[in-house]
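Colleague: These are the residues of each chain, in order.
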Amino acid sequence: MVDETSKDKLVVKDLNVRYGTKEVLRQISFAVRSNEILGIIGPANSGKTSLLRTLNRLNDNDAAFSMSGTVTLDGQDIYKKMAPHTLRRKMGIIFALPTPLPLSIYENIAYGPKLHGTRNKTALNEIIERTLRASFLWDEVKDRLDMPAMKLSGGQQQRLCIARTLAVEPEIILYDEPCSGLDPISTAKVEEAMTLLTKQFTQILVTNNTKQAARVSDRTAFFLTGELVEIDETQRIFTVPCDQRTEDYVSGRFG
Amino acid sequence: MKLDARLTEKVVFFLLLLATLVIVVPVFLIAGLIVKNGFAALSWEFLTQSPRLGMRAGGIFPAIVGTMYLVFGTAVFALPAGIFAAVYLCEYAKESRLTRIIDVAIVNLAGVPSVVYGLFGLGLFVVFLKFGTSILSGSLTLAIMSLPVIVTASREALNSVPQSFREVSLALGATRWQTISRVVLPNALPGIITGAILAISRAAGETAPILFTVAAFYLPRLPQTLFDQCMALPYHLYVISTQVPNLKPHIQYGTTLVLILMILIMNLTAVFIRAHFRKKKQW
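Residue numbers (my numbering), protein chains in the order written: chain R, 1 to 255; chain S, 256 to 538.
Calculated from the structure, these hints are not laboratory results. Note that this is a predicted model, so its numbers are computed, not measured. It cannot be assumed that every hint is accurate.
To be verified - Reference listing, derived: stretches of chain R covered by chain S, where coverage requires no fewer than 3 residues with Cβ under 8 Å from a Cβ of chain S:
1) 17 to 28
2) 80 to 88
3) 96 to 105
To be verified - Restricting the straight-line Cα-Cα distance to at most 25 Å, the calculated cross-link-like pairs of lysine-lysine (PhoX-like) are:
4) R/K90 x R/K199
5) R/K81 x S/K535
6) S/K349 x R/K151
Where is the CB? At the ideal position from N, CA and C, for every residue including glycine.
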């Protein structure tokens with residue numbers, strides 16, 4: 001039985017990525033289903049961040065970057081059939097460190113919509129309230145939207161970044177260890193936001209925190225030194241993985 | 256042993272202080288001498304009248320105006336070219352043999368003696384392009400002389416904008432140019448402007464580049480078009496110091512004082528802009 005909601009949104013096939021002569025990803029193939037949260041776990045230097053940067057083409061300006069294989073979004077090759085800015089609008093990313101622009105809270109979120117032509121004040125206000133509510137930040141900042149975003153705490157900044165990404169209405173959201181610098185309470189808020197966002201978005205969560213993947217993701221992929229070792233339902237990865245290396249990693253025996 | 260160390264410390268301290276004084280003392284001597292002798296010459300008439308009696312009386316108004324024209328002309332030509340070149344080099348060009356050659360060229364351009372720029376301007380603008388000895392030729396020559404400094408300062412300002420700002424903007428679906436015009440340039444602009452003002456204020460005080468390209472010994476009326484010659488403070492100073500006998504020295508000092516004040520005002524503007532934005536800067 002083919003479930004309509006679980007159809008493949010993003011398909012990666014035979015992906016190899018190099019920086020100069022250094023091979024960082026080898027023969028990666030997997031698919032991401034619509035509206036799922038795919039967790040990606042693995043020790044440092046396993047190529048997780050490189051994968052995300054390849055998916056939204058942030059590597060394009062890196063002269064040392066080269067790749068082979070294909071990545072398709074809704075059947076369209078993102079490297080051959082799409083302009084990078086068109087792709088990135090559909091494929092938002094949250095970076096490991098919160099990265100507010102040196103603007104007010106309001107202007108940070110309005111930045112994306114303004115780029116894409118929304119100038120109407122009412123429409124912008126609506127977007128700002130909606131996205132801040134979705135990222136659980138609205139109640140904390142609604143009275144001081146003109147405040148410089150850099151004055152917010154780290155956790156608030158990261159939720160602001162999520163709101164800012166939501167404001168351009170992407171189809172997929174990539175998270176690159178979004179909670180690595182956050183305290184447990186902020187982390188919980190980010191995770192809660194992610195869980196609620198599955199209704200509208202497909203999400204890929206790269207994390208160093210295996211427990212986080214276990215908590216939020218529907219399926220989990222385990223990467224090791226540039227290879228995809230295993231991808232399966234999160235529950236299976238954490239209880240009965242097929243590969244011994246996965247078992248060792250999730251049970252904390254190495255990495 | 257312990258005493259030796261203490262003695263060494265004192266000697267080193269003294270030598271370092273001496274070196275610092277050697278740098279600072281001439282600055283105060285020059286400034287003091289010029290202000291002391293030139294202040295008397297400053298008057299409304301001196302600032303607003305043309306020279307009379309073969310430069311021996313009257314004022315230096317045409318030279319002030321001429322220097323302002325040249326500063327403005329230099330800025331008009333040098334700013335866009337310098338900033339755009341820096342944007343290209345920082346934001347678009349990938350590291351290659353070509354960019355390395357350009358880097359070397361810019362460094363070397365900054366080391367070219369100013370008289371060589373003057374001769375180059377004479378050859379290219381005055382003679383070859385037939386602009387004649389004119390404000391246009393002079394401004395272009397000064398602009399080329401200022402370019403290396405403007406490009407270098409602009410590149411530093413652009414490089415100081417965190418890479419993460421660019422990635423955030425790109426990740427939200429901005430094109431490269433949108434990213435540059437909305438995020439990178441606004442954050443780099445204070446640094447760019449500061450560097451540019453310093454470069455142009457240096458050009459304002461140069462004599463050699465304008466010697467063959469624009470400067471006039473004496474003009475009975477102010478320049479009317481870009482193709483007219485003009486008087487300029489540094490050249491006027493050179494002329495009255497070397498070509499005019501029996502000149503009262505306070506006119507020379509006064510001219511020097513005006514030139515230095517104009518440059519000082521520009522530099523202070525640059526310092527103010529930098530301080531103002533550093534306070535506002537959040538990253």
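Colleague: Next, verify each hint and record whether it holds.
Modeller: Evaluation of the provided hints:
Coverage of the region 17 to 28 of chain R by chain S is violated in this model, with 0 residues showing a Cβ closer than 8 Å to a Cβ of that chain against a need of three. Residues of the region 80 to 88 of chain R lying with their CB closer than 8 Å to a CB of chain S number 4, which satisfies the three-residue condition for coverage. Residues of the region 96 to 105 of chain R lying with their CB closer than 8 Å to a CB of chain S number 4, which satisfies the three-residue condition for coverage. Of the pairs offered as hints, the one joining R/K90 and R/K199 holds, with about 16 Å between alpha carbons and a cut-off of 25 Å not exceeded.
Proposed proximity of R/K81 and S/K535 is contradicted: the alpha carbons are some 43 Å apart, above 25 Å. At most 25 Å may separate the alpha-carbon atoms for a hinted pair to count; S/K349 and R/K151 exceed this at roughly 35 Å.
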